[in-house]
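There are 4 protein chains.
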Amino acid sequence: MTRNEIARDRIPVAVLGATGAVGQTFIRLLRDHPWFRVAEVAASERSAGRRYADATHWLEGEMPADVAALTVTPCTPDSVSSSIVFSALDSGVAGEVEIAFARAGRFVCSNAKNHRMLSDVPLLIPEINAQHLAVIDAQRKHRGWTGALVTNANCSSTVAALPLAPLHEAFGITSMFIATMQAVSGAGYPGVPSLDIMGNVIPYIADEEPKIEAEIGKLLGVVNGNAIESAPFRVTAHANRVPVEHGHTTCMSIGLASSATPEQVAGAIMAWTGRDEAMDLPSRPHRPIVVTTEPDHPQPRRDVMRGNGMTVTVGRIRRDELLDVRMVAMGSNTIRGAAGGAIMNAELLVTQGYVARP
Amino acid sequence: MTRNEIARDRIPVAVLGATGAVGQTFIRLLRDHPWFRVAEVAASERSAGRRYADATHWLEGEMPADVAALTVTPCTPDSVSSSIVFSALDSGVAGEVEIAFARAGRFVCSNAKNHRMLSDVPLLIPEINAQHLAVIDAQRKHRGWTGALVTNANCSSTVAALPLAPLHEAFGITSMFIATMQAVSGAGYPGVPSLDIMGNVIPYIADEEPKIEAEIGKLLGVVNGNAIESAPFRVTAHANRVPVEHGHTTCMSIGLASSATPEQVAGAIMAWTGRDEAMDLPSRPHRPIVVTTEPDHPQPRRDVMRGNGMTVTVGRIRRDELLDVRMVAMGSNTIRGAAGGAIMNAELLVTQGYVARP
Amino acid sequence: MTRNEIARDRIPVAVLGATGAVGQTFIRLLRDHPWFRVAEVAASERSAGRRYADATHWLEGEMPADVAALTVTPCTPDSVSSSIVFSALDSGVAGEVEIAFARAGRFVCSNAKNHRMLSDVPLLIPEINAQHLAVIDAQRKHRGWTGALVTNANCSSTVAALPLAPLHEAFGITSMFIATMQAVSGAGYPGVPSLDIMGNVIPYIADEEPKIEAEIGKLLGVVNGNAIESAPFRVTAHANRVPVEHGHTTCMSIGLASSATPEQVAGAIMAWTGRDEAMDLPSRPHRPIVVTTEPDHPQPRRDVMRGNGMTVTVGRIRRDELLDVRMVAMGSNTIRGAAGGAIMNAELLVTQGYVARP
Amino acid sequence: MTRNEIARDRIPVAVLGATGAVGQTFIRLLRDHPWFRVAEVAASERSAGRRYADATHWLEGEMPADVAALTVTPCTPDSVSSSIVFSALDSGVAGEVEIAFARAGRFVCSNAKNHRMLSDVPLLIPEINAQHLAVIDAQRKHRGWTGALVTNANCSSTVAALPLAPLHEAFGITSMFIATMQAVSGAGYPGVPSLDIMGNVIPYIADEEPKIEAEIGKLLGVVNGNAIESAPFRVTAHANRVPVEHGHTTCMSIGLASSATPEQVAGAIMAWTGRDEAMDLPSRPHRPIVVTTEPDHPQPRRDVMRGNGMTVTVGRIRRDELLDVRMVAMGSNTIRGAAGGAIMNAELLVTQGYVARP
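Protein chains in written order, with this note's numbering: chain A, 1 to 358; chain B, 1001 to 1358; chain C, 2001 to 2358; chain D, 3001 to 3358.
Extracted from the complex, chain A is given alone in its bound form:
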């Protein structure tokens, strides 16, 4: 059986915003996906009608030949037939487009920020909160959709939330401080001008701190009836851009309801395997979180590709002078924190019966 024959049996999926940096990451990660194949690529009017290879300034590695040959379609449900639709759209257009697709019966896995904080829209990290899918029924009923919309979190929120989940489950988080050092790939392409960031730090990323402060709570929240309720602790964030290509590093100080030593905290993280629903998803790494004991790790350049970019590495778990515990967490902003996270969410939709297997 050739690669193409295998591919025909996989579930066809569409990528909206396929020509941009995030869209390209979707296409790279889906190249050899066991369940999905990229059947459709959609983008702005400007690109529609052109060959994908001609419409795209490809950034990394080689473009898969089958996708290169696809014709770019407009971002409308009429032009796209796939049931599963990945949205790599800019927030400027994602809002209405994603709703149109969900209304038209499609399962939208969105990386855009627009709908993340709606109480009936899951903000999914399958290992943490697969059970949040329960609000989809209410979402459909309330909004009159035949499809559904799920989202993944901001890249920094994702990296932070993974090691926070076992802490919240074991000890209860009461408050936290987070300072991020974020890679330039988080800004897309062309993104950050080299004159701004080479040998420099920019201590500001537009709109980033409020996202981190709101999303972490929702990721660790509970389903209450038809709505997801955020975990009730406060987060204060400092977001910085640093001259790193890939990988967001986060420094966290965390207050706990039940006091715990650094050893207990490390133990809780190491023992954690997360939700059963996530166990057999193809994108789930062998270990969603790895705790390193090297004193000067995690480091983005050296640890970012752990678990094919789906594992968050945690280090320097130590006592905090003010709250309870300090640590550093680092993970891939483009894979776990963006396209890879959305793909894993789609896998969960399949295993939970929302989308038919082929």
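Fair warning: there could be bad hints in the mix.
Anything over 10 Å on all C-beta distances counts as not near chain A; from chain C, calculated [stated by the list, open to error]:
| no. | residue |
| --- | --- |
| 1 | A2055 |
| 2 | G2061 |
| 3 | G2092 |
| 4 | G2172 |
| 5 | Y2189 |
| 6 | A2227 |
| 7 | F2233 |
| 8 | N2308 |
Cut-off 16 Å, straight-line C-alpha distance, at most; resulting in silico cross-link-like pairs (EDC-like, lysine to aspartate or glutamate) [claimed, not checked]:
| no. | chain 1 | residue 1 | chain 2 | residue 2 |
| --- | --- | --- | --- | --- |
| 9 | D | K3211 | C | E2096 |
| 10 | C | K2211 | D | E3321 |
| 11 | C | K2141 | C | D2120 |
| 12 | B | K1211 | A | E321 |
| 13 | A | K113 | A | E96 |
| 14 | A | K113 | A | E213 |
| 15 | D | K3113 | D | D3090 |
| 16 | C | K2113 | C | E2096 |
| 17 | B | K1141 | B | D1120 |
| 18 | C | K2113 | C | D2090 |
| 19 | D | K3113 | D | D3137 |
| 20 | A | K211 | B | E1321 |
If you anchor each label on the Cβ, the simulated ranges turn out as follows [to be verified]:
| no. | chain 1 | residue 1 | chain 2 | residue 2 | range |
| --- | --- | --- | --- | --- | --- |
| 21 | C | G2092 | A | P74 | 28 to 36 Å |
| 22 | D | E3294 | C | V2222 | 39 to 47 Å |
| 23 | A | A53 | C | P2295 | 32 to 40 Å |
| 24 | B | S1259 | A | A271 | 40 to 48 Å |
| 25 | D | P3210 | B | R1031 | 47 to 55 Å |
| 26 | B | E1060 | C | R2031 | 23 to 31 Å |
| 27 | C | D2207 | D | A3271 | 29 to 37 Å |
By construction, these hints were calculated from the structure, which means they are not laboratory data. From the three backbone atoms N, C-alpha and C, an ideal C-beta is built for every residue, glycine too.
Please build the complex by placing chains B, C and D on the supplied structure of chain A, with the hints as guidance.
Leaving out everything else, chains B, C and D in the frame of chain A:
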């Protein structure tokens, strides 16, 4: 009057550890100093007896010709005659050497960490705590010294403390978080290997977090009898190395005893001029702290040389979600945070009558 | 006499394309110019009518307050009254705009590539070829202009040509290779995306190699009647972009008509002072070329600001295995290789009587 | 059959200098090698007797567990039993140690420079010059060795030589100019201090240009009786260090005996498959050279891992203004240009019958 004639009227000073990176910064900054001239350079046994130009791998700009011609002496009071002695020594040797000089009647302005936290040794930033010099009498009496020892703080502590001083005076600091992003020049030379830091973050600097946590309180402390008492608030620090050449960036979340708005905090910092004793020191910049309103500043590469490297730039003063106020402070680790700070301390010793003017 | 009173006596000049990266460098360099003051700033329709401070994303240091307050005018001779006009325009628009100004009696000192290679347009580096101004009479007559147009060379051509001039004068250049490693500031702002250049080399700069190959010959050419004739040697160029902020580094292998040793070559460069006409121009550095004997210099980050960015540093003068001599030359692409060069050209127009002194 | 059982059937090899940066690359690349397994690790006296994991500051990825547990032995034939010995030794010690091993009957594949230019020591790139192994008989006879010594070339020489081989075969190279931009990993660890190279170019690498100038000719040379004779063309080299992590970029201008167009040159490179003896070596990449038509490639960060770091990427093949053709070649300095090249040489020793297969 030629440059050499002027130089003869200036106070001769010695630099201990003159061949290293910090020692070189002393020599660069003292090149055209109005009160001091480098008359003696001392270093390890290995360099002693050689011409300074031959013993030194000079790192930046041009070596001053008069210093180049000096013969390196050993680091002992017998070999060095200057009253004012700048210590750029490594902490491995600074401890005993500095004591030997102070005992021998010299005024040691040290950049080393060894004696910073002793209660009768001033940890000086003249604008903040010139009055801490008062403990020198006790220091001499207690230790039987005819000279004295003053220190400057760790580079990150210094950058943070300057804008904290007006806040502590106006509102009373009760607790704080600080996350630093520190330049490679802070590690000396050869320092950080390029393979370790290019395109990377190292979320650890040996011994740095405890220094920051202890020194900030002492810098903002009070004289109580014969001792300096640290300000009683807690500090929790996250120290990171980033691929920046010069300039340490610090993100701070600060709790205040008297609640204040970000506007009030900015106002307090902008209105602050610091201790009168510091007013006319040659190294005092026109403005010790500048508050920028540009949303994405301070940035190390662009703001580090403000006030010839003696001004700390503060930005992004905003409400904190957990404590009271957040902000970013950035300043030169090699100038204000090291050699420039020590030189300003020596200037204070002159104006306060500890060392005779020429 | 205040700074403003002095300024009123200086010659008013205009900067076309004032809001861009090169335009900003003109404004920074003219801030304290002894002869010129920026009286007018012109830019595209989009910016015209706005305050300069509001129309400009200022990149480095502080914007001069008097320029900040100017109203941006359109780039037409009707809207601009200054006799001396600096063109920092993009080549897409510079062609016609510069002609319009020259026709309207203005002295245009252009940094754009459009007219550089015309035989009646001087491509000026005053120390090398001040005598090329002689073709201006022919230029005016032939084109019916009452003003004139002079240009400065491409940044890499400029850095290379300065040390080549003494070699060509002393030994006669017959052929040369040049490989450049160019800073990102050469691409303007936003210029090179950080994702493209961090930790990378891009071995291509659009349109750059032909410019270097043609301009070096013209810079070292002679006036023959009404035309400048390029020096008749061949140049082959390899242009590369490297992750450096400022300073273009060039490696050259040079063939000579009269064979010379590396020592003789170094001697010729060190002895050279260039054309007398350039001697007293305010922007002429004390030494237009410095030969360093440090084995691993020139280096862009450490040598680029020599002579306030107007000095080219040359090193590693050694025998070539194929031609006669090899060397490395490095200089500022934004100052000597762009705005600073154009300002020096305008100074030459003043001392040579083309423009009246105030 | 488990990984360990497979490993027992593989040929045991030793790595000399195993704790350094190059030694570590050997161990990483040999991890899953189909024919070889690391059975012994040798290093300096300081490390001998310690567990490899304890004696080594491991730089990248995870240390193979079986190697971690090995005890480091001294670098003497008495302490090492493997027939195949990889030398990652510094040139300061490699000279005598390698001779001792060859005399003691071992097959030494050396990455050190010491013996590369001896006429009876092959300087091997199997695709180019597998036939140079013929001098081993003379080497043994002449030197009284029962083993043998083969070497791989300097990293830059290797990257350049691969695309030069088809040109030399097809058209005859008569002269060439090469400018390199070399990654910091080429300097080992700790190697280049970050303060020296961040945002900078160092236009000098000690001892590098003569190596490149001599080695390229030998790589493309012929066997004449008992000696390898270098190809008789002249090379002039400019070696530069740039802030790139991995991958050396080389710009070349090449003179040819039989004139050829850029299209013919590209065709010759693309058609070339190299020596038959290399065809089935496990480390031979599918394509030893790839010609890219992207105008701004090859780029180190984006192309260095092509063919698992064993493929050299060539681009920008174009007419030269002085000689015949210009091009850019880029390849991995740590893999093809060091450890990977040496491993492929050992594979050739096996297939050519010098070392018995298991």
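Evaluation of the provided hints:
Every C-beta of chain A lies more than 10 Å from that of C:A2055, the closest at about 19 Å, which supports listing it as non-interface. Look at C:G2061: its CB is around 14 Å from the nearest CB on chain A, clear of 10 Å, so calling it non-interface holds up. The Cβ of C:G2092 sits about 19 Å from the closest Cβ of chain A, beyond the 10 Å cut-off, so the non-interface label holds. Every CB of chain A is more than 10 Å from the CB of C:G2172 (nearest about 40 Å), matching its label as outside the interface.
With a least CB separation of 6 Å from chain A, C:Y2189 falls inside the 10 Å interface cut-off, contrary to its annotation. Every CB of chain A lies more than 10 Å from the CB of C:A2227, the least distance being 39 Å, so the non-interface label holds. Remark: the non-interface label on C:F2233 is consistent with the geometry, its nearest Cβ contact in chain A lying 35 Å away (cut-off 10 Å). With a least beta-carbon separation of about 20 Å from chain A, C:N2308 lies farther than 10 Å from that chain, consistent with its non-interface assignment.
Our distance criterion of 16 Å between C-alpha atoms is broken by D:K3211 and C:E2096, whose separation comes to about 52 Å. With a C-alpha separation of about 13 Å, the suggested pair C:K2211 and D:E3321 falls inside the 16 Å cut-off, and the hint holds. Between C:K2141 and C:D2120, the direct Cα distance comes to roughly 10 Å. Compliance with the 16 Å bound is thereby established for this hinted pair. Simply put, B:K1211 and A:E321 have alpha-carbon atoms about 13 Å apart, close enough for the 16 Å limit, and the pair holds.
In summary, the hint linking A:K113 to A:E96 is supported, as the alpha carbons are separated by about 12 Å, within the 16 Å threshold. With a C-alpha separation of about 13 Å, the suggested pairing of A:K113 with A:E213 holds against the 16 Å cut-off. Under the criterion of a C-alpha separation no larger than 16 Å, the hint pairing D:K3113 with D:D3090 is consistent with the structure, at around 9 Å. With a C-alpha separation of about 12 Å, the suggested pair C:K2113 and C:E2096 falls inside the 16 Å cut-off, and the hint holds.
Under the criterion of a C-alpha separation no larger than 16 Å, the hint pairing B:K1141 with B:D1120 is consistent with the structure, at around 10 Å. Between the alpha carbons of C:K2113 and C:D2090 the distance comes to roughly 9 Å, so the proposed pair stays at or under 16 Å and holds. The suggested pairing of D:K3113 with D:D3137 is violated, with an alpha-carbon distance near 21 Å, which exceeds 16 Å. Distance hint between A:K211 and B:E1321 is fulfilled; the C-alpha atoms sit about 13 Å from each other, no more than 16 Å.
In this structure the hint that C:G2092 and A:P74 lie 28 to 36 Å apart at CB holds, the actual value being about 31 Å. For D:E3294 and C:V2222, the hinted distance range of 39 to 47 Å is satisfied, since their beta carbons lie about 41 Å from each other. Hint check: A:A53 to C:P2295, Cβ distance near 48 Å, so the stated range 32 to 40 Å is violated. Between B:S1259 and A:A271 the beta carbon distance is about 41 Å. The supplied range of 40 to 48 Å therefore holds.
Taking 47 to 55 Å as the suggested C-beta distance range, the pair D:P3210 and B:R1031 does not conform, at roughly 39 Å. B:E1060 and C:R2031 have their C-beta atoms about 25 Å apart, which keeps the hinted 23 to 31 Å range intact. Distance hint check: the CB atoms of C:D2207 and D:A3271 are about 31 Å apart, consistent with the given range 29 to 37 Å.
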